[in-house]
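Colleague: The lines below spell out each chain.
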Amino acid sequence: MTLVATDRTRTPGLLERIGAPHLALGALLLLYPAIASDFFLTQIGGFSLLMGLLGLSLMLLAGYGGMVSLAQITIAGVAAYSVAIFGENNTGVLGLGWPWWLTVPLAVGLAGIVSALIGAISVRTEGIYTIMITLAIATGFYYFTNQNYAIFNGHSGFAGIKAPVFWGINWRDPLPFYYLCLAVAVVCYAAVLYGARSTFGLTLQAVRDNQRRMRAIGYDVTAHKVFAWFLAGIIAGLAGVLLVWFNGRVSPGTVSVQAAISVLVIAVVGGLRHPIGPFLGALIYVMLEVFAIDLVGAERFNTLIGLVFLLIVFVSPDGILGLLRQIGPGLADKPLRPDD
Amino acid sequence: MQLHRRTVLALALATGLAAPSVAIAQDSDTIKIGVLATLEGAFTVLGEDGLRGAMTAVDENNGEVAGKKIEIVRGSSDASPDSAVQAARKLVEQEGVKVLVGPLSGDEGIAIKEYAKTQPDVTFLNGTSAAQDTTLREPAENFFRFSTDGAQWMAGLGEYAFNEKGYRNVATVAEDYSFPYTQVFGFMAEFCKEGGKVPSKSWVPIGNKDYSSVIATIPADVDAIYVALGGADAVNFLSQYQQAGGTAPLIGGSITVDQTVLTSKGRIHDILIGTPSAGPIADSLDTPAWNAFVEDYKKQDGAFPSPSLFAHGYYVNMKALLAALEEVNGDVSDGGEKLRAALSDLTVDTPTGEVSVDDNRNAIANIYITEVAEREDGTLYNKLVETVEQVNQTLGIPQDEFMALGQVSRDNPSCE
Numbered sequence: 001m002t003l004v005a006t007d008r009t010r011t012p013g014l015l016e017r018i019g020a021p022h023l024a025l026g027a028l029l030l031l032y033p034a035i036a037s038d039f040f041l042t043q044i045g046g047f048s049l050l051m052g053l054l055g056l057s058l059m060l061l062a063g064y065g066g067m068v069s070l071a072q073i074t075i076a077g078v079a080a081y082s083v084a085i086f087g088e089n090n091t092g093v094l095g096l097g098w099p100w101w102l103t104v105p106l107a108v109g110l111a112g113i114v115s116a117l118i119g120a121i122s123v124r125t126e127g128i129y130t131i132m133i134t135l136a137i138a139t140g141f142y143y144f145t146n147q148n149y150a151i152f153n154g155h156s157g158f159a160g161i162k163a164p165v166f167w168g169i170n171w172r173d174p175l176p177f178y179y180l181c182l183a184v185a186v187v188c189y190a191a192v193l194y195g196a197r198s199t200f201g202l203t204l205q206a207v208r209d210n211q212r213r214m215r216a217i218g219y220d221v222t223a224h225k226v227f228a229w230f231l232a233g234i235i236a237g238l239a240g241v242l243l244v245w246f247n248g249r250v251s252p253g254t255v256s257v258q259a260a261i262s263v264l265v266i267a268v269v270g271g272l273r274h275p276i277g278p279f280l281g282a283l284i285y286v287m288l289e290v291f292a293i294d295l296v297g298a299e300r301f302n303t304l305i306g307l308v309f310l311l312i313v314f315v316s317p318d319g320i321l322g323l324l325r326q327i328g329p330g331l332a333d334k335p336l337r338p339d340d
Numbered sequence: 001m002q003l004h005r006r007t008v009l010a011l012a013l014a015t016g017l018a019a020p021s022v023a024i025a026q027d028s029d030t031i032k033i034g035v036l037a038t039l040e041g042a043f044t045v046l047g048e049d050g051l052r053g054a055m056t057a058v059d060e061n062n063g064e065v066a067g068k069k070i071e072i073v074r075g076s077s078d079a080s081p082d083s084a085v086q087a088a089r090k091l092v093e094q095e096g097v098k099v100l101v102g103p104l105s106g107d108e109g110i111a112i113k114e115y116a117k118t119q120p121d122v123t124f125l126n127g128t129s130a131a132q133d134t135t136l137r138e139p140a141e142n143f144f145r146f147s148t149d150g151a152q153w154m155a156g157l158g159e160y161a162f163n164e165k166g167y168r169n170v171a172t173v174a175e176d177y178s179f180p181y182t183q184v185f186g187f188m189a190e191f192c193k194e195g196g197k198v199p200s201k202s203w204v205p206i207g208n209k210d211y212s213s214v215i216a217t218i219p220a221d222v223d224a225i226y227v228a229l230g231g232a233d234a235v236n237f238l239s240q241y242q243q244a245g246g247t248a249p250l251i252g253g254s255i256t257v258d259q260t261v262l263t264s265k266g267r268i269h270d271i272l273i274g275t276p277s278a279g280p281i282a283d284s285l286d287t288p289a290w291n292a293f294v295e296d297y298k299k300q301d302g303a304f305p306s307p308s309l310f311a312h313g314y315y316v317n318m319k320a321l322l323a324a325l326e327e328v329n330g331d332v333s334d335g336g337e338k339l340r341a342a343l344s345d346l347t348v349d350t351p352t353g354e355v356s357v358d359d360n361r362n363a364i365a366n367i368y369i370t371e372v373a374e375r376e377d378g379t380l381y382n383k384l385v386e387t388v389e390q391v392n393q394t395l396g397i398p399q400d401e402f403m404a405l406g407q408v409s410r411d412n413p414s415c416e
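Chains A and B are the protein sequences, given in the same order. Heads up: the first sequence at position 235 corresponds to 235 in our numbering, and the numbers run straight through without jumps. Heads up: the second sequence at position 386 corresponds to 386 in our numbering, and the numbers run straight through without jumps.
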């Protein structure tokens with residue numbers, strides 16, 4: 001599996017490298033606003049994309065690095081709280097009022113650093129122990145925000161956080177917000193695809209497959225893993241910024257254990273073998289969350305959500321991606337291994 | 001071939017996504033009302049009862065208002081502000097409701113008020129959420145609360161504890177969010193004014209299991225403990241306090257001594273008898289209007305023997321909404337302006353007396369002081385002791401004087 005095209009006589013053009021399926025999907029996503037109402041643009045489109053980003057950051061860790069984390073929502077929460085604390089909010093606690101072009105890089109950077117720290121703590125463990133450590137961190141952060149009033153304003157959290165207005169555009173309006181989410185998602189998606197085929201990405205996957213051998217060859221396994229955490233933290237941080245603009249608020253409920261599990265569900269249901277998986281998972285998750293109550297009434301809609309997820313994982317342990325592969329061989333396989 | 005198949009798949013996905021947005025059209029013979037309640041998470045049982053209350057009001061109207069059919073669209077939150085706003089967004093922006101009843105819990109109410117400001121054409125009526133700042137500070141023009149707030153619910157209790165019970169020193173234990181702050185504020189505002197002292201206040205997170213450190217900080221010489229905890233939290237605290245050898249009598253917040261706690265087994269049963277509390281309803285209220293309401297309520301699926309204050313709150317707000325809709329002949333085509341004018345001038349006859357709203361669109365209503373008592377069959381209930389007539393949001397204190405007390409918080413008020 002290499003990046004280099006098999007036909008060495010010429011370099012493929014940009015369009016060719018992107019591939020027809022991506023172009024078709026991209027066109028669809030670009031044209032989606034033409035057919036969607038405002039609600040479908042933000043609550044379904046934008047929200048799916050940003051939840052997909054969170055899933056993507058987990059997919060990067062779990063799919064390529066073999067590290068299942070429950071702390072991605074915590075990292076997103078760090079970014080979201082940073083925007084609330086350094087930017088403006090109407091809660092009367094902190095809200096330093098820095099401009100967005102300062103708060104956003106700061107928030108994303110902090111998320112990356114926090115993520116790298118969580119990575120540094122957890123990379124020496126494996127499997128269920130990684131899950132337990134990250135779960136402990138997520139739970140700890142939830143209770144900390146819940147009970148800290150000086151910085152995090154406790155249970156109420158922060159409200160009145162506005163997305164920036166520049167170039168004459170309010171970025172929380174449905175159309176700009178959708179395209180903003182789409183742009184961030186596309187950049188991160190492409191970066192993950194590219195990164196997975198880079199030297200670093202290949203090394204990371206080799207570490208996932210056989211850590212001891214990689215260590216014996218002389219690779220610094222720990223450093224590779226921590227760096228993967230840092231990259232995943234950047235993606236989760238971007239998702240966190242979008243999330244706080246989307247909701248206009250952030251509170252401990254945003255970073256609760258339930259939310260942490262949602263991210264895992266999204267990634268697992270979508271599929272961990274390819275970066276497109278989390279986005280598919282997020283779309284299904286968001287659609288179910290929003291519309292299950294209309295399908296089965298108010299009493300049993302959570303049961304329906306659970307059953308659908310169970311069904312997907314039961315039929316295909318690889319999630320939706322695995323399902324697609326069963327329907328049409330090569331359908332989902334191709335982009336993962338471009339030159340199999 | 002591969003591209004073809006994938007494109008078809010993508011197209012199928014896209015059409016599936018777009019279809020629901022096209023299919024929604026408003027029938028002019030129906031009025032859509034959104035009801036937002038907590039149907040997930042720790043408060044599910046309470047949310048379901050709130051829904052029953054709202055439906056009781058709808059059923060009393062035979063499912064019609066101003067000659068139009070009522071269509072109820074339900075939204076669900078898990079008591080977190082984020083989920084409440086998302087559910088409201090769906091009801092307003094996707095379902096297109098022009099009137100919405102909800103939410104249930106304190107911080108949710110504050111979040112929905114903020115959301116209401118971004119939807120000036122939609123009229124919001126509270127469910128049972130009882131944080132003071134939902135209507136007192138920076139209120140939204142289109143948010144009405146025909147149920148009272150948590151400080152109002154405490155009206156008369158501070159005085160009662162000081163004068164009738166003779167308590168002078170009271171410690172408080174309450175959950176750590178806006179509704180209990182409001183309750184403690186309401187209790188202390190009166191109690192401290194009478195000359196009572198509150199030497200210690202403990203705030204615990206919702207869902208706390210271990211109260212040993214809290215119990216250790218309660219001074220030994222207090223006359224009573226004021227407890228504002230909900231459901232399982234109250235049971236956990238009370239049994240642990242008793243196991244630790246605590247003997248101080250209790251004063252209950254509005255949801256502390258409800259049926260979920262009163263029906264718990266063990267020695268708590270004996271300790272609870274005589275506990276004073278206050279709130280918008282009383283189990284033993286014996287008026288024709290209340291009894292009729294209880295009968296109507298019991299027709300709902302899964303109803304409790306007696307409606308909870310959540311059923312009551314949603315009922316009162318829905319009833320006010322239907323009365324106002326009747327008055328404007330179901331016409332909300334003007335962005336709800338006429339409806340809001342009607343709501344502002346409305347006086348509703350409810351099972352618990354007359355309710356009207358003040359300039360901030362917050363209810364003025366009766367509050368009931370109760371004491372836990374035992375029926376002959378050994379079950380506990382809240383016996384009505386005293387009715388405090390027509391309590392307003394400032395608890396009878398002049399507006400500016402009341403505002404000078406400051407925003408409710410963990411530290412405000414204080415009288416050590």
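Hints are not guaranteed to be accurate.
[Said to hold, decoys possible] Derived, one-sided and incomplete: chain A residues facing chain B with beta-carbon distance under 7 Å: (1) 139; (2) 189; (3) 222; (4) 254; (5) 290; (6) 292.
Don't read these hints as lab results, they were simulated from the structure. Beta carbons are placed, not taken as given, at the ideal position from N, Cα and C, and that holds for glycine.
Colleague: Hints first: check each against the structure and report whether it holds.
Modeller: Checked hints:
no. : hint : in the structure
1   : 139  : 12 Å, violated
2   : 189  : 15 Å, violated
3   : 222  : 36 Å, violated
4   : 254  : 5 Å, holds
5   : 290  : 6 Å, holds
6   : 292  : 9 Å, violated
Violated hints, in rising order: 1, 2, 3 and 6; the structure is consistent with all others.
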